[in-house]
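Q: Order-wise, the sequence lines are chains A and B.
Mind the numbering: the first sequence is residues 1 to 385 in our numbering, read in order.
Mind the numbering: the second sequence is residues 1 to 134 in our numbering, read in order.
Among the hints, erroneous ones may be present.
Claimed, not checked - As a list, the in silico DMTMM-like pairs of lysine to aspartate or glutamate whose alpha-carbon atoms are at most 25 Å apart:
1. A:193 with A:311
2. A:193 with B:97
3. B:40 with A:132
4. B:110 with B:68
5. A:356 with A:278
6. B:40 with B:19
7. B:11 with B:41
8. A:184 with A:19
9. B:40 with A:252
10. A:307 with A:189
11. B:11 with B:114
12. B:110 with A:199
13. B:110 with A:252
14. B:110 with A:278
15. B:40 with A:257
16. B:11 with A:132
17. A:268 with A:19
18. B:40 with A:103
19. A:307 with A:161
20. A:307 with A:199
21. A:193 with A:161
22. A:193 with B:62
23. B:110 with A:161
24. B:11 with A:311
25. B:110 with A:123
26. A:193 with B:114
Stated by the list, open to error - Every beta carbon over 10 Å from chain A, so not counted as near; a handful from chain B, in silico:
27. 4
28. 43
29. 45
30. 59
31. 64
32. 68
33. 81
34. 84
35. 97
36. 107
37. 116
38. 121
By construction, these hints were calculated from the structure, which means they are not laboratory data.
Yeah, the Cβ is synthetic: ideal placement off N, Cα and C, and Gly gets one too.
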Amino acid sequence: MDEVIIAGVGQTEVGEHWEIALRDLAFAAIQEAVRDAGGLRPQALFVGNMLAPSLSRQAHLGALIADFAGLSGIEAVTVEAAEASGGAALRAAYLAVKSGALDIALVVGVEKMTDRIGPSAEEALTSVTDADFESPQGLTPTAQAALLMRRYMHEHGVPSDGFAGFALTAHANAVTNPYAMFRKAITVETYRKAEMVSDPLNLFDMAPSADGAAALILTRPDVLPSHGDRPWVRIIGSAIATDTLALHDRRDMLFFEAAQRSASYALKQARLTLDQIDFFEYHDVFSIYAALQLESTGFAIRGHGWKLAAEGAIGLQGRIPCATFGGMKARGFPGGAAGVYQAVEAVLQLRGEAGKNQVPGARIGMIQSLGGPAATAVTHLFQAA
Amino acid sequence: MEIPRHWRLRKQRYSLVGEVCPHCQVRIFPPRDVCPSCGKEARELYTFSGRGEVYSYTTIYEAPSGFEQQVPYTVALIRLEEGPMVTAQLTDVSPEEVQIGMPVEMVTRKLRTDGDERGLILYGYKFRPRLQQA
Chain A
1 MDEVIIAGVG QTEVGEHWEI ALRDLAFAAI QEAVRDAGGL RPQALFVGNM LAPSLSRQAH
61 LGALIADFAG LSGIEAVTVE AAEASGGAAL RAAYLAVKSG ALDIALVVGV EKMTDRIGPS
121 AEEALTSVTD ADFESPQGLT PTAQAALLMR RYMHEHGVPS DGFAGFALTA HANAVTNPYA
181 MFRKAITVET YRKAEMVSDP LNLFDMAPSA DGAAALILTR PDVLPSHGDR PWVRIIGSAI
241 ATDTLALHDR RDMLFFEAAQ RSASYALKQA RLTLDQIDFF EYHDVFSIYA ALQLESTGFA
301 IRGHGWKLAA EGAIGLQGRI PCATFGGMKA RGFPGGAAGV YQAVEAVLQL RGEAGKNQVP
361 GARIGMIQSL GGPAATAVTH LFQAA
Chain B
1 MEIPRHWRLR KQRYSLVGEV CPHCQVRIFP PRDVCPSCGK EARELYTFSG RGEVYSYTTI
61 YEAPSGFEQQ VPYTVALIRL EEGPMVTAQL TDVSPEEVQI GMPVEMVTRK LRTDGDERGL
121 ILYGYKFRPR LQQA
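The shape of chain A in the complex, shown without the other chains:
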């Protein structure tokens, strides 16, 4: 039997953890995941991290975290795909367990985004763009999103507050998530009055950079000592696709081809169609990315992604609930950990343990982690056991 399941999950509160080191943050999430999995001891560790070498002056996280998590000696490596690092680490662990090469794998996504602030932090974040032809012009990831947002609004006739629905939904859902950074609902007025960051992108069109760690234990049912009483979650689809790193090299700027491709590969593996998905954890680091993801994966037709948010279709009771625990916007954006948070949240939904954030009757969830403007897109499909 080669079915891969998630047997345990753990997460730390997302926020400004000035008092906690990267290694300790990772351990907190690992400890919770191992406990949740009934004490399963992992044979290998896959770390999802985006920028520790520049943001934390720390490379070689595999060995460091394995050691500080009491797992010294096990196989451990970092998987990096910019902001999609967490999703990519999950994919690497999935492949290892699925193939039978490993029986029990641990994934930890971890990032310290707040040890550095100002221009040097901005420079580090900018290193995920094309270092020969984008960053020398002073372009930043936020500016990339703003360029796409302006063109999208221009082509599709979006009003100036057209993207407000993404932030409103995220903040409404984060209120009851104890791990979220901003547990406060906002109104459309808050959005309208928000400070402009990079015109037309305002403060509520972007997720707050924060520290956090989340962890997963992957295994197969055949290697579990007993089924236990924990409801596990099956991974029924897993795919990564890539696109040009530089935005200017795209044939079609306003369509995330990698998002489309990885979602359709994952759906094909699971033999599912989009209408069978009960909720979608998208990568709303910028509201324009959420809109483009909804369109590229097929939940909305081209030019209509923003309308799903504006019309309330992405709320917990909506047609396709998104950002069910607050998403990157309100739960907070912990870099390379973000994709693992999505997985933890999807597992809670599918176990029926999401409390006030529960999507009624959720059986199948889709999560999608993006690196840059979907230069990498990682899609996973989970099913309740």
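Given the coordinates of chain A, work out where chain B should sit on it, guided by the hints.
A: Just chain B now, with coordinates in the frame of chain A:
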């Protein structure tokens, strides 16, 4: 300082030298050795006219290291006349005057200083509103 990198990119930065695919004639900038259109090898150099129009633009207030002195500055995606898109700062224009579709032309300007005030000064392409309609 990254002197070899700056030296390596001088033809692109100073004169928009890209490539033309010998198989399908597609013009390529920034240069890459595999044609994005037909997938065959493309290494023939081609100098772009430097004329294009604004596809999208935004203004940056929180800059990375090396650009702090320039804020606010405007970055755009420029569609070059010959086809490809390029990321570049706009210059000689205030942000309010910029519009999608605005004709622009390449000029050489200081991009930034690499290192402290005694570091290497980097020059390269920026785009300004076109002075003469071509």
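Q: Work down the list of hints and note, for each, if the structure agrees.
A: Here is how each hint holds up against the structure:
1. A:193 with A:311: Status holds; Cα separation ~21 Å.
2. A:193 with B:97: Cα-Cα ~23 Å, so holds.
3. B:40 with A:132: holds, 23 Å
4. B:110 with B:68: holds, 14 Å
5. A:356 with A:278: Distance ~16 Å between residue 356 (chain A) and residue 278 (chain A) Cα, so the pair holds.
6. B:40 with B:19: Answer holds: residue 40 (chain B) to residue 19 (chain B) is near 13 Å, not above 25 Å.
7. B:11 with B:41: holds, 20 Å
8. A:184 with A:19: Distance of about 24 Å is within 25 Å: holds.
9. B:40 with A:252: holds, 21 Å
10. A:307 with A:189: Distance of about 18 Å is within 25 Å: holds.
11. B:11 with B:114: holds, 18 Å
12. B:110 with A:199: Holds - the C-alpha atoms of residue 199 (chain A) and residue 110 (chain B) are around 24 Å apart, at most 25 Å.
13. B:110 with A:252: Violated: residue 110 (chain B) and residue 252 (chain A) sit about 31 Å apart, past 25 Å.
14. B:110 with A:278: violated, 52 Å
15. B:40 with A:257: holds, 22 Å
16. B:11 with A:132: holds, 12 Å
17. A:268 with A:19: violated, 45 Å
18. B:40 with A:103: Judged against 25 Å, a Cα distance of about 43 Å means the pair is violated.
19. A:307 with A:161: Roughly 11 Å separates the two Cα atoms, so the pair holds.
20. A:307 with A:199: holds, 20 Å
21. A:193 with A:161: Roughly 10 Å separates the two Cα atoms, so the pair holds.
22. A:193 with B:62: holds, 19 Å
23. B:110 with A:161: Roughly 36 Å between the alpha carbons, so the hint for residue 110 (chain B) and residue 161 (chain A) is violated.
24. B:11 with A:311: violated, 50 Å
25. B:110 with A:123: Roughly 19 Å between the alpha carbons, so the hint for residue 110 (chain B) and residue 123 (chain A) holds.
26. A:193 with B:114: violated, 37 Å
27. 4: holds, 12 Å
28. 43: holds, 17 Å
29. 45: Residue 45 (chain B) is indeed farther than 10 Å from all Cβ atoms of chain A, at 16 Å.
30. 59: At about 5 Å from chain A, residue 59 (chain B) fails to clear the 10 Å cut-off, so the statement is violated.
31. 64: Violated: least Cβ distance 4 Å, not greater than 10 Å.
32. 68: violated, 5 Å
33. 81: holds, 15 Å
34. 84: Incorrect as stated: the minimum Cβ-Cβ distance to chain A is 7 Å, not above 10 Å.
35. 97: holds, 13 Å
36. 107: holds, 13 Å
37. 116: holds, 13 Å
38. 121: holds, 13 Å
Figure legend: structure checked against the earlier numbered hints; hints not met, in rising order: 13, 14, 17, 18, 23, 24, 26, 30, 31, 32, 34.
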